[in-house]
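*Asks:* Here the protein sequences come in this chain order: A and B.
Following my numbering, the numbering of the first sequence begins with 1 at its first residue and continues without gaps.
Following my numbering, the numbering of the second sequence begins with 1 at its first residue and continues without gaps.
Everything labelled a hint here was simulated from the structure, so no lab data went into it.
Note that this is a predicted model, so its numbers are computed, not measured.
You can trust all of the hints, since none of them are fake.
Listed next, the in silico SDA-like pairs over lysine to any residue satisfying Cα-Cα at most 20 angstroms (straight line):
no., chain 1, residue 1, chain 2, residue 2
1, A, Lys173, A, Arg162
2, A, Lys216, B, Ser248
3, B, Lys251, A, Leu7
4, A, Lys107, A, Ser182
5, B, Lys251, A, Val78
6, A, Lys173, A, Thr122
7, A, Lys90, A, Arg18
8, B, Lys242, A, Val86
9, A, Lys27, A, Asp58
10, B, Lys242, A, Thr80
11, A, Lys90, A, Arg219
12, B, Lys195, B, His214
13, B, Lys242, A, Asp217
14, A, Lys107, A, Glu41
15, B, Lys17, B, Leu56
16, B, Lys251, A, Asp11
17, B, Lys251, A, Thr80
18, B, Lys148, B, Ser110
19, B, Lys242, A, His76
20, B, Lys242, A, Leu72
21, B, Lys242, A, Phe211
22, A, Lys216, B, Val250
23, A, Lys27, A, Asn104
24, B, Lys242, A, Val78
25, B, Lys242, A, Arg83
26, B, Lys242, A, Leu82
27, B, Lys242, B, Leu201
28, A, Lys107, A, Leu186
29, A, Lys216, B, Thr246
30, B, Lys136, B, Lys148
31, B, Lys195, B, Trp144
32, B, Lys204, B, Thr35
33, B, Lys103, B, Ser53
34, B, Lys251, A, Phe10
35, A, Lys216, B, Ser245
36, A, Lys216, B, Gln249
37, A, Lys216, B, Phe239
38, B, Lys242, A, Leu226
39, A, Lys90, B, Ser245
40, B, Lys242, A, Ala214
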Amino acid sequence: MQTPHILRDFDQAISTLRAEVISMAAKSRHNLERAIRALLERNPELANAVIADDDEVDDLERRIDHLGMEILVRFHPVATDLRLVVSSMKISMNLERISDHATNIAKRAKKISANPELQDVTLIEPLYALADHLLLDAISAYSDRNATLGASLHARDKELDRMHHEANATFGKRIEQGAGRSEDYLHLILIVRSLERVGDLATNIGEDAVFLDAAKDLRHESNREL
Amino acid sequence: MSSSSNTTAPVASIEVKDVDFNYGKSTSLKDINLTIHRNEVTAFIGPSGCGKSTLLRCFNRMNDFIPGARVVRGGIWIEGVEIHSPDVDGVELRRKIGMVFQKSNPFPRSIYENVAYGPRILGEKRKDVLDAVVEKSLRGAALWDEVKDRLNESAFGLSGGQQQRLCIARTTAVDPSIILMDEPCSALDPIATAKVEELILALKENYTIVIVTHNMQQATRVSDRTAFFYLGELVEYDFTQKMFSTPSQVKTEEYISGRFG
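Only chain B is shown next, with the shape it has when bound in the complex:
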């Protein structure tokens, strides 16, 4: 699948080819083609109901849990493997592709246990290994200094912004290669938002990140490329700088400059 077999490292992390997606009989995504590049932040923007979150949820097959929801045409390749092929296990896929949601959703456990949960599920029992993973993940999420003295306290005692960064730490603890974020800052205040955005920029060194956002400024601040969706179609996909300065499509310009509807 990877188009550039002669290059040393494939730049594509996710390849979407000719994808149509249905919820029951209604089509939510039509003929989607795009390549998500490795170690980049890609933003999905578009009005509510345009299909951006649906596509995000296709990447880790979260839509499998919705009756009647499925990719009816085309395919999605993640690091060269078509994710709907029978030998791909959904659970293993979701380990490789972490997800952070709009509302932070820590488990009703301690800060430590939230981060250690994933590695434990994967069979890790050694205390010293778990300690190291927890510290590394919390440091990676820029949260360690704030919580290192209260690791055994409930995660619910953290602020909204800290909870969201804890969820990011929990995601990275199982060593995924891709992190999907569905409006991760929409419930956060501007300071907490800035910290998460700073974190996103730091994380892209090691992860490929796809973020759905309704905040255009956020897309311009954190993403390398932006995809604009409208009524289930991908209208334009380009470098963020280009999209927000000289978009090619009139529809994109209208949407990003607030001349819409």
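Chain A on its own, in the form it takes in the complex:
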């Protein structure tokens, strides 16, 4: 909104809220990126850093909720301002879950790295690339108030679902073949599931961005036109 609010405190609170959400998004995305790197580069220290940094994301979730509540109580926002507060609080919840998935991936990366190198780990890369792209677009849809971009995530997430099924089948087959690395393949199956969940959570964030920008609730809708 271009016109400044009569209360400068309000404008300040709103910009702080947005900035905190964007910072939380950057941290969650960074955690996911490092977790995948820890897996691919067999780097348990990096994995430990991801696990440790999850606390920062948890703190941000609490801060955003607190700030959102304070804005609701003090200023009784309406219309776009109200949607910004509500969508920010919901997005922070989704980002916290994404960071949790990053932590899960980091924990599994440590376990896989403790064993001899496994070539099939690289199969994760394209899934991560797509999940990260969806996440980046979801965050941009929120920060740039771009409902069209936010609404596009649902359809694009289908490709990630397809890749998830494919990877599952591959890893499942390896387990059946009894290659002797069943436990690692099980970790990979669960890592792929985490990435698939990141895609779902990015889609949720995209829907929250649509609600913010266009005041439309696309959740559970078959007709997803804006």
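Starting from the known structure of chain A, arrange chain B on it as the hints suggest.
*Replies:* This is chain B only, laid out in the frame that chain A set:
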């Protein structure tokens, strides 16, 4: 006038068509068109001087008492009758359209007499009928239990909130169909305000209510539809839920979210 002649009950209680209103040479309302729906609460919001109270006072022709103030174009139909037509009597119109003001203004009489005053003026003399009207009106205004043992005491002994509810009882005692409220809670504390708001919601079952308010939260709490006025024009008129979540006009959004001026 009523547009839907084929429906069983007209939904329009007040129809405003193409109204321009002047105080002397200065125009206070420009090209106002809106329909107030029966048994709904309609809120008028907007900054001071936007014309919302002027329009409210047009409905019961209160502006007749101000020299030079008049509707210069268009018309206002209340239940199908144009209120400026020669056969409409201003006093009778104001009986049908009650009004509650910003500051409670009980008469310097007893609680009972305040409520009985209107029916008496209309010629009712029977004590039992008056007693029944007083009780019914005070009950309707959620005041009966608080005052039933001191009906003959002065109305000035009541708290501000009770006085305002007494004024609402006094208004309903003459059986109006429409109640106009001009910032009825602006002088009340939050508890008294909540009681009046609760009353407004109860009254809409039997009355059509138009309320002018500067309190946006009040508009969202009590009204079904909201009209936003700015510089004598009706900027937007829609369901309250829609107005406060996704207003169509930028000006409305700026005003309700405090980004104004």
